[in-house]
Amino acid sequence: MKIEKHKTSSPHFLGVDLGSAFTKFTVCDAGGKIVHQNLIKTLNIRSRSLKDSVERIYGQFSIKSCCATGYGRSKFEPAQIIKTEINCAAEACLALRPKEKCIIDIGGEDIKIIHCDEAGKVESFYLNSKCAAGTGAFLSEIAERAEIDLTQMSVLAEQSASEREINSFCTVFAKTEIMGWLFDDVPQQDIARGIYAAIINRVNSLRIDSAGPVFLIGGVAANHPFFNNLLRKSLGKEVFVPQKSEFIVSFGAALMAKKYDDKTKRD
Amino acid sequence: MAYKIKSTSVLKELMRDYFQRIGQREKPLAWCTSVGPAELLRSFGFEVYFPENHGALLGATRTAGSNIPAAMKCGYSGDICSYTTSDIGAFLNQSTPLKTQYGLDGIPRPDLLVYNTNQCREVEDWFHFYADRFNCSIAGIHPPRHLHSIRAAEIELVTAQFKRILPLCEQISGQKFDLDAFREVLQLSSEATLLWQQVLRTAMASPAPLSFFDGTIHMGPIVVLRGTVEAKTYYAELLQELQENIAAGRGFLQQESCRLFWEGMPIWGKLRALSDLFVQNDAAVVASTYCNSWIFDAFNEKEPFESSARAYTEIFINRSEQAKFTMLQKWIEDYRIDGVIFHDAKTCFNNSNARFGMPLRLKNKLGIPSITIDGDLCDLRFYSEGQSITKIETFIEQIQNQKSFI
Chain A
28 MKIEKHKTSS PHFLGVDLGS AFTKFTVCDA GGKIVHQNLI KTLNIRSRSL
78 KDSVERIYGQ FSIKSCCATG YGRSKFEPAQ IIKTEINCAA EACLALRPKE
128 KCIIDIGGED IKIIHCDEAG KVESFYLNSK CAAGTGAFLS EIAERAEIDL
178 TQMSVLAEQS ASEREINSFC TVFAKTEIMG WLFDDVPQQD IARGIYAAII
228 NRVNSLRIDS AGPVFLIGGV AANHPFFNNL LRKSLGKEVF VPQKSEFIVS
278 FGAALMAKKY DDKTKRD
Chain B
253 MAYKIKSTSV LKELMRDYFQ RIGQREKPLA WCTSVGPAEL LRSFGFEVYF
303 PENHGALLGA TRTAGSNIPA AMKCGYSGDI CSYTTSDIGA FLNQSTPLKT
353 QYGLDGIPRP DLLVYNTNQC REVEDWFHFY ADRFNCSIAG IHPPRHLHSI
403 RAAEIELVTA QFKRILPLCE QISGQKFDLD AFREVLQLSS EATLLWQQVL
453 RTAMASPAPL SFFDGTIHMG PIVVLRGTVE AKTYYAELLQ ELQENIAAGR
503 GFLQQESCRL FWEGMPIWGK LRALSDLFVQ NDAAVVASTY CNSWIFDAFN
553 EKEPFESSAR AYTEIFINRS EQAKFTMLQK WIEDYRIDGV IFHDAKTCFN
603 NSNARFGMPL RLKNKLGIPS ITIDGDLCDL RFYSEGQSIT KIETFIEQIQ
653 NQKSFI
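As they're listed, the protein sequences go chains A and B. Here the first sequence is numbered in my numbering, starting from 28 and rising by one per residue. Here the second sequence is numbered in my numbering, starting from 253 and rising by one per residue.
Excised from the complex, chain A in its bound form:
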């Protein structure tokens, strides 16, 4: 990827989160203030949209360094450093709240539970690697089977008082279960709520023992406020959902890029 660098005087730092569903860009200034964010669908590393975004950012800002994260991190050529999304999430949440906390990141294909100590360092973490139950992909697949518009799902679920839950962890079998609900004329509101409840059950099977609050980040948190409320009730503790939570990891990557630049200068 050829990049023409722009020549503005103030230095900026780019974080790119190449996730399984979307690629997120965050640009920060030297003070760590977010000055730009955009999101594109993750296609392939040579896609026009990716190239356009990168060219636009490098054209607009004087990018001193770039950090890539997410599943495509090792393929992103402009990056000076590569960090995993878990450490980037921790870095971003440290900037938001420098205390002990538990981060729940629900992305396209995974759920991450990250325990951070008081200094914001990752103390332990969980990442699903057997199946994608309870992730963004699970949610969108089931919603599609139930013919629920994802943008309306949260509003629909809010209208339901149903306690119905999908039992199956398996995305494919869950779709079969939903088929049964459709045949039984279960209202869409109840189906929407049931899908969220299945993800809550999945999260509840994971260890969340941090004394601090929960930070809920990722695409699901960004687009499904009803889910966030359901999780609050289920966990019985403080759950912070940062603004534009789908960009938190790319924000952390931008902060990592700045750290890298500071270190390079020191060395």
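The hints are simulated quantities; they were obtained by calculation from the structure and are not laboratory data. Keep in mind it's a predicted model, so treat the numbers as computed, not measured. Even glycine gets a Cβ: it sits at the ideal position worked out from N, Cα and C. Some hints here could point you the wrong way.
[Claimed, not checked] Pairs of lysine-lysine residues, derived as DSBU-like cross-links and limited to a Cα-Cα distance of at most 35 Å, are as follows:
1. K260(A) - K615(B)
2. K325(B) - K286(A)
3. K157(A) - K522(B)
4. K264(B) - K655(B)
5. K615(B) - K286(A)
6. K148(A) - K615(B)
7. K260(A) - K617(B)
8. K264(A) - K655(B)
9. K617(B) - K286(A)
10. K290(A) - K655(B)
11. K286(A) - K258(B)
12. K148(A) - K598(B)
13. K292(A) - K522(B)
[Said to hold, decoys possible] Computed, partial: chain A to chain B, Cβ under 7 Å:
14. Y98
15. T111
16. N114
17. K148
18. L154
19. S156
20. K157
21. L257
22. V266
Following the hints, put chain B in place on chain A, whose structure we already have.
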């Protein structure tokens, strides 16, 4: 220049000669489980073949995936040991890397099958499959399982089981049991196993001259050739090379940012990729329960039956959670381990040790962090590469951050 262990060329010759001897069929052939009574069988003049070694070969050559379905069609669940299913599948498909790599006609026909359930029950079923297929005699050792400590009564029980298989060995081999021959083989095995132990312990040095991944390759002779002069000679030579590397400050990773322990089975089809991943991240995987599983320091030729019974019963896989914790603690201290990687192998319940709270105990009692990788020894359908790489890289970053913080 890239770090290389020169003795690897000798290892290749040794393994080739071993398999060619098996192919030549000059001696009666006994099949034995990898931690079964190989010394006793060798004392009767048997050549000894180890199906688990074949399972590892199927995993490493990534041919397990094409063979496992044949075993499943034969009634074996895809959730049981993938050594078993890939080996049985390879037999049914008449497809084995032993043909291409060592020139054998196929999986060699056994004259006797002997297993030890000290590691799992699967080996018993696995060997019975072949006993039926080949109409072959079979015998087994069934030690008490999951022991906290090894008591005299248990040694007595297992000793009696060892002795019980003598008449069958005499009948098949055509040789009378010779106590002196047994003592001699056991002494050779003891010497080789202690040399292997010293080989592994070279990785206590930093930079370490031997990684866990190297160990999985160089352990070949201690599995298939223990009780022979060749195994002893090989490990003496390997040890000398590694000691020279330590003296010269040579290691597989010159700058170790952290030292890790691999717990559980290797992921045979991903050894190279995983080895490269750790090295690229400056992380040295210096020790493992797996490679240490072939250290039988209880062997004593003066008490060949009793010491064999003890050695094969006290192995890690056959111990209680408390005993396993104590063993892990010792390795963690000896090798100055910063973190543990648990491989939770889908088809190897018995050698997956993250399921009963061990990671949390290590964290709470020793302050040692760990991660659990979901995968399998042979069946790569149970291994998600992207997620596993993210886990490993995060774990390394986590340890590096913690170390720099201190």
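Results of checking the hints against the structure:
At roughly 30 Å between alpha-carbon atoms, K260(A) and K615(B) fall within 35 Å of each other, so this suggested pair holds. For a cut-off of 35 Å, the pair hint linking K325(B) to K286(A) is broken: about 56 Å separates their Cα positions. At most 35 Å may separate the alpha-carbon atoms for a hinted pair to count; K157(A) and K522(B) meet this at roughly 17 Å. A C-alpha spacing of about 39 Å is found between K264(B) and K655(B), which places the hinted pair above 35 Å, so the restraint is violated.
Pair hint K615(B) plus K286(A) holds up; C-alpha atoms about 29 Å apart against a cutoff of 35 Å. A threshold of 35 Å between alpha carbons decides the hint, and for K148(A) with K615(B) the separation of about 16 Å falls inside it, so the pair holds. For the suggested pair K260(A) and K617(B), the alpha carbons sit about 33 Å apart, so the restraint of at most 35 Å is met. For a cut-off of 35 Å, the pair hint linking K264(A) to K655(B) stands: about 32 Å separates their Cα positions.
At roughly 34 Å between alpha-carbon atoms, K617(B) and K286(A) fall within 35 Å of each other, so this suggested pair holds. In summary, the hint linking K290(A) to K655(B) is supported, as the alpha carbons are separated by about 17 Å, within the 35 Å threshold. Using a Cα cut-off of 35 Å, the hinted pair K286(A) and K258(B) is violated, with the two alpha carbons roughly 42 Å apart. Between the alpha carbons of K148(A) and K598(B) the distance comes to roughly 31 Å, so the proposed pair stays at or under 35 Å and holds.
Taken as a hint, the K292(A) and K522(B) pair is broken in the structure, with Cα atoms around 38 Å apart against an allowance of 35 Å. With a least beta-carbon distance of about 5 Å to chain B, the hint placing Y98(A) at the interface is held under the 7 Å criterion. Because the smallest distance between the Cβ of T111(A) and any Cβ of chain B comes to about 4 Å, under 7 Å, the interface hint for this residue holds. Evaluation of the N114(A) hint against chain B yields a held restraint, the C-beta minimum of about 5 Å falling below 7 Å.
For K148(A), the shortest C-beta to C-beta distance to chain B is roughly 5 Å, which falls under 7 Å, so the interface hint holds. At a threshold of 7 Å, the smallest CB-CB gap from L154(A) to chain B is about 5 Å, leaving the interface hint in force. A least Cβ separation of about 4 Å between S156(A) and chain B falls short of the 7 Å threshold, and the interface hint therefore holds. The interface hint given for K157(A) holds, since its Cβ lies 5 Å from the closest Cβ of chain B, which is under the 7 Å cut-off.
Given the 7 Å rule on beta carbons, the hint for L257(A) is violated: about 26 Å separates it from the nearest Cβ of chain B. At its closest, the beta carbon of V266(A) sits 23 Å from a beta carbon of chain B; the interface hint therefore is violated under the 7 Å criterion.
Consistency note: the structure conflicts with the earlier hints numbered 2, 4, 11, 13, 21 and 22.
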